[in-house]
Amino acid sequence: AQSVSQHNHHVILSEAASLELGCNYSYGGTVNLFWYVQYPGQHLQLLLKYFSGDPLVKGIKGFEAEFIKSKFSFNLRKPSVQWSDTAEYFCAVISYGNNRLAFGKGNQVVVIP
Amino acid sequence: DTAVSQTPKYLVTQMGNDKSIKCEQNLGHDTMYWYKQDSKKFLKIMFSYNNKELIINETVPNRFSPKSPDKAHLNLHINSLELGDSAVYFCASSQQGGNTEAFFGQGTRLTVV
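Just so you know, the protein sequences line up as chains A and B, in that order. Using this note's numbering, you'd call the opening residue of the first sequence number 1 and step up by one each time. Using this note's numbering, you'd call the opening residue of the second sequence number 1001 and step up by one each time.
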């Protein structure tokens, strides 16, 4: 079955620490990949996306993600987090030409000032 | 000038009641979704519509009935509400086939008492 996996559901770190969140998927064929962020009490907003081209994509607020096709992974990184990065982060995958946008279970990230 | 708008934002109702949540998008997208986010923040797809046609129905009780009068609207009607229906419901839209990112509404927090 198609699935999206995110590990380490709860992440707590201090400001200025580096963040890396893992995302693995089990889809065949061409996929489009996304990371969304949900700040407390808010809706989901797009952080970054990968459709094709350079596998290292840069998003908003200093986030980046790397698509590694051989590992079916799309990990999210930020070199130095801020308190305002406290949020829930979701990886999402959709097969090209499909209408099923599937989400991982999310990572709750808490940044301590 | 909201791209995807949902109403109401909050909904508190008693068990057994019937309620509706409305969703409208002004992005010209072909595909619309309903997602359920539970208390653990897990996002689960419920329905996907493409040009007013039901594409995905994910093992959702038939008390939930989506209706798409046109491709800009996807409403969710819930009959005989149960305690377990309490959650945040998100509407989203994207271009057909997931060739762009999905845009999310603000969410409707449904509380069944």
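Honestly, the hints are just simulated from the structure, not real lab data. Some hints here could point you the wrong way.
[Said to hold, decoys possible] Using C-beta positions, here's what the derived DEER-type ranges look like:
#, chain 1, residue 1, chain 2, residue 2, range
1, A, Gln-42, B, Asn-1026, 30 to 38 Å
2, A, Lys-61, B, Lys-1041, 14 to 22 Å
3, A, Val-110, B, Ala-1003, 23 to 31 Å
4, A, His-9, B, Glu-1053, 33 to 41 Å
5, B, Asp-1018, A, Ile-60, 19 to 27 Å
6, A, Glu-64, B, Lys-1052, 35 to 43 Å
7, B, Asn-1026, A, Ala-16, 18 to 26 Å
8, B, Asn-1051, A, Glu-15, 31 to 39 Å
In this text, a Cβ means the ideal position worked out from N, Cα and C, and glycines have one as well.
Hints, verified against the model:
Between A/Gln-42 and B/Asn-1026 the CB atoms are about 20 Å apart, so this pair departs from the stated range of 30 to 38 Å. Separated by about 20 Å at the C-beta atoms, A/Lys-61 and B/Lys-1041 satisfy the suggested range of 14 to 22 Å. Between A/Val-110 and B/Ala-1003 the beta carbons are some 29 Å apart, a value that agrees with the proposed interval 23 to 31 Å. Between A/His-9 and B/Glu-1053 the Cβ separation comes to about 35 Å, which falls inside the hinted range of 33 to 41 Å.
Between B/Asp-1018 and A/Ile-60 the CB atoms are about 40 Å apart, so this pair departs from the stated range of 19 to 27 Å. Checked against the given bound of 35 to 43 Å, the beta carbons of A/Glu-64 and B/Lys-1052, roughly 38 Å apart, stay inside it. Restraint check, B/Asn-1026 to A/Ala-16: a C-beta distance of roughly 40 Å breaks the suggested window 18 to 26 Å. Between B/Asn-1051 and A/Glu-15, the C-beta spacing of about 47 Å breaks the proposed range 31 to 39 Å.
In summary, the numbered hints that this structure violates are 1, 5, 7, 8.
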